[in-house]
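Number of protein chains: 2
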Amino acid sequence: MLSRSALLVQQLSTVNSRRNLSIKQLHDIKPIIKRNLAWFSNQPGKETFGGRLKRRLKNVFVVTVAGLGTFYAYRAYNRYKWFHEMSDSDKTLGTKQRIVVLGTGWGAVPLLKHIDTNKYEVICVSPRNYFLMTPLLPSVSVGTVETRTVIESVRSLIGPRIKYIEAHCVNIDPKAKLITCNTDGDSNVSRGDDVKAILSISKREGGASSRIIKDSARTRPQFDMKYDILVVAVGSENNTFNTPGVEEHAHFLKELLDARRIRSAISDAFESAMTPTQTVEEKKRLLHFVVVGGGPTGVEFAAELADLVREDLQHYFPRLVANDVKITLIEALDHVLSMMDKKISDYTERHFRRENIEVLMNTFVKEVKQREVVVQYKGSTELKSIPCSMVVWATGIKARPLTNKIREIIGLNIQSNRMGLLTDRYLRVKGVDDGSIFAIGDCATIQPAKLADRIQALFEEADTQNRGALDLQQFRTLVEKKVAEYPQLEVFSKKIEDAFAEADKDKSGYLTLSTLRSILEKADQKIRALPATAQVASQEGRYVAKLLNQLSNVHSTDFQQQNLTPFQYKHMGSLAYVGGDEAVLDFTGSKPLLDYFDLKPLSGRSAVYLWKSFYFTEMFTGRTKTLLAFDWVRTHIFGRDISRY
Amino acid sequence: MLSRSALLVQQLSTVNSRRNLSIKQLHDIKPIIKRNLAWFSNQPGKETFGGRLKRRLKNVFVVTVAGLGTFYAYRAYNRYKWFHEMSDSDKTLGTKQRIVVLGTGWGAVPLLKHIDTNKYEVICVSPRNYFLMTPLLPSVSVGTVETRTVIESVRSLIGPRIKYIEAHCVNIDPKAKLITCNTDGDSNVSRGDDVKAILSISKREGGASSRIIKDSARTRPQFDMKYDILVVAVGSENNTFNTPGVEEHAHFLKELLDARRIRSAISDAFESAMTPTQTVEEKKRLLHFVVVGGGPTGVEFAAELADLVREDLQHYFPRLVANDVKITLIEALDHVLSMMDKKISDYTERHFRRENIEVLMNTFVKEVKQREVVVQYKGSTELKSIPCSMVVWATGIKARPLTNKIREIIGLNIQSNRMGLLTDRYLRVKGVDDGSIFAIGDCATIQPAKLADRIQALFEEADTQNRGALDLQQFRTLVEKKVAEYPQLEVFSKKIEDAFAEADKDKSGYLTLSTLRSILEKADQKIRALPATAQVASQEGRYVAKLLNQLSNVHSTDFQQQNLTPFQYKHMGSLAYVGGDEAVLDFTGSKPLLDYFDLKPLSGRSAVYLWKSFYFTEMFTGRTKTLLAFDWVRTHIFGRDISRY
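From first to last, the protein sequence lines stand for chains W and S. Numbering-wise, the first sequence is residues 0 to 644 according to numbering that gives the first Met the number 0. Numbering-wise, the second sequence is residues 0 to 644 according to numbering that gives the first Met the number 0.
It should be emphasised that the hints constitute simulated quantities derived from the structure, not laboratory data. Hints may be right or wrong, so weigh each one.
Which copy is meant is left open, so a pair is good if it fits within one copy or across any two.
Stated by the list, open to error - Derived PhoX-like pairs (lysine-lysine); straight-line CA-CA distance at most 25 Å:
id, residue 1, residue 2
1, K481, K341
2, K569, K90
3, K283, K162
4, K325, K162
Model the full structure from these sequences, guided by the hints.
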């Protein structure tokens, strides 16, 4: 091989040494190259079996060596780059504006990935040192997907130029631009038998540490940190709606440890039912699983549980599955997946009936006890007790203590929304004068600008001819010009003539101030808070990163002057897995897709491939993508593991 | 394709229809088959690129369809067989002798896999519903291998013909042949704030459940179970040697949850050290990891930890790794891996110095405190305090409460060994008259038969000519005949002339009773209890299964009469991973291998492949084999995950 390539080089250099290459000379090179290329490709003439095998083995060997070489070279380069950038960012410490981001969830991570680290010094502070792919938690809770598949270390996600500190932020001083962190007051806890204190910490942390007995060695001193810009992306907590017994006896499904506990509890229930001397009644109770909440989390968990029972547990416990297992989904409204299209709710309910999942609609859970749930049907005053084993509580969210603390610090008269921090349309927290605090994700709500508040100004601006009335053209201009600022105007965008005709009751062809008011108030009523979804948080995170990257002057608070566009949410559709290799997708309201294809709500087996490919592409890194694909194949071939630990 | 095969069938049936097939007619068929086969193989003549691609795609398609078809057919058949066998074994309930096996570890599982279920009704009782591949725990504790890779559900391991019940055996009645199980007295525990009681249960269970807060729904009533034969394979507990503070502040490395906790604690230590305002001293303390015990577990854990630090943590915490991380291994003897060859100990110590693992030899741990260990050097009376973060305690084992309870029930005068249940050479527990209880694994010790006790009888038997003295030939016969019963005679087997000459001090060519006594007493001194390893337990498990399968009459206790051979341990060598892709293997004393190859202690990179392939083949199922291979590749490509949950 060496001699051949040496020959090629020699031949080419001979040709080249003539200096003046004419077209004719190029023709001289062609056959040389062709002859040499022929050596790499198929040999002419008849090939023996041994010859072909040899050639193929050689090819495999060359490809393997080249592949491994590329892989190790790429890794070595990446490591070098990583260290280089890390020391680089250490050198510039203190010379740039500092952004502190609280959180490592769906809002914070997209922000951290898109922020310009050449422009800012960025520090991320969060008690959870990994990003969690929350939509896959129902899969994790039954073992379809493993725990480490759905998490990625935040340090590897955000790269070497951003600092991460594992700490709880407990206080904020917006005047001094200072946050105070004290990871869990560990230094105040006397160790030894004071197990309760440790347990309460672990509870407060949302179960962020499994080392309840043995985390004796850590110290986490309190510290303060200055910021120039603070981004609050701390997410939300489970909302029990003050239902008694939920904290003590129900499982949540929000963090990774919840999923682990549920998986363990399912296995525990079956092993308990297999204990000799159990009565039939007790077996039925032990194998009755109750899911409270018919949103995507509750529906997906019930679906995954039904899959686990049918595909794996039936194998090991055929009698129990045939006679005693029962899954019940309790929903307070009259439909599951009520945020989706009606067709999808109906489909899911029909599908659940086929999967033997009982759905109790219009049912309120009044109390969760150790071995039962107490429910009340709508319109009835009677309380009914349902004996059951595991209760999974997936109803809703509420603001975290830190969010409420920030609201109090700013003033509850301004921060009047109990669900989270009110922000303007640039996601800046209301009531912070210098605009230095942003809030994104579940802990934030954009305060809607009401058209009715500025009706006079809007009318005057639109009435270009000062005739005290607007014609259709002027109304259209008004809507088009203001839709960015007032997203509620979107309801008119497609049927502006109809809206105009409806408002113009006397058929004069003009709108007066009062008829305009009536039509705009109707639009104001359509204002809804953005849903607390990963999709919203992720778009908000990207938006704030882009906004901060564009910002010419951090201290100027007039963003309109700087030609910065306010945040606009683009709905891409909702989807949920409903079990038995079927999924439902709802593209209603997702403009980008609806404009190109006329997509209606999708359901069934085709949807599950869309569901899978969506989550596959959503996984942040090559590592998690590989693990997810492997997990799906593994579950398909080997089934789910039922070991309890 | 259809027409072609139709043609083939037609042609063949034409030939066949002639009824009387002669040799000549067979010749007629040959070219037809050949021609049709040619269609499947390579086409003659020159092949175009498109033609070849088409052919190859077709091949890929055919292979894929055939492969998937085989896979699904095989799975469907397996499922059918599983249910069939399960209902089959249900039908024969109560008609066969019942064997109850306590445990799901290295002793119990090989027994359960080899027992003849046609002959016995077999029930397995254990609080842990999975088999744990204990030698891989050090790998799990740093994330080289994931948790679910090293466990396999016991239900899937033992198959449909053996019943498994998840329960704690708490008492045994050898007279009534009855065991009492009460899983964890849960029914006695009042729930609610009684967190301490629950915690103490979880502690007692060896951390078998992670659901400390939320396992409110289970019930595990007490039950009794009759047995005909009982096999005790409950294993052992960690031995703290009454060192103060170990239970409270040190990590063990024996169960899966220990490994999980350690992994979490390592990450926790690094995150703590990254907290601002930590002093240099405190950083050094937080990153000082101490391993107590220089046996295989301690050495492998230290090695894996060093790998984790060098390969992954260095990437994320370059400064901490360069300045502050320290790993110390504390060993009470003057060598690590003291049960292995001296060369291997030396090699490991040299290797650990290169890996920056400090080894403190001749050092005793007197106390473990919250943030330090107190040690004492051999020959010194001074106590020294070493500040440290995590302490991993891997020193030794002791008997479980159930083992001690059985010893008490039988009588401590017979069961005088504190390490476990004394058995005879058929592994039957001493002091049980009907021989109905066997003990295997870590909880059992074979009571050695001492030659000195029967010296008179042995001498008389060997002295065939009644001359009051033995010549070399008679001594040789004695050794060969009795080596099965008295394994300690093996020390003579290779150099019997030397032993004879040494004992025969007056060179008379004969041994008298007193010289024979002196030589046999020397042999008795060589008796050692079998090590508490997976290898021993596994061989004992297989042995008992084989024994019970051969047994013609369960109630006859004279096994010698039934020509049953006593248990003999075959040492296959020991091995340990020492980090940096190096392992050590010691084949000393492993006869089968030493006889064929002259294998010396192995160490270094070649050994690691042997180490890996050994564990790969040891994995019980295709599932765990696949997962282990995947984990190794994943760690190599993506590194270990440092998320803490």
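Do the hints match the structure? See the list:
1. In this assembly of identical chains, the alpha carbons of K481 and K341 never lie at most 25 Å apart, being 32 Å within a copy and 85 Å across copies at closest.
2. Taking the shortest alpha-carbon separations for K569 and K90, neither the intra-copy value of 39 Å nor the inter-copy value of 62 Å comes in at or below 25 Å.
3. In the homo-oligomer, the alpha carbons of K283 and K162 lie at most 25 Å apart only across protomers (21 Å), although the nearest pairing inside one protomer, at 52 Å, exceeds that limit.
4. In this assembly of identical chains, the alpha carbons of K325 and K162 lie at most 25 Å apart only when taken from different copies (24 Å versus 48 Å within one copy).
Comparing the model with each earlier hint shows violations of hints 1 and 2; every other hint is respected.
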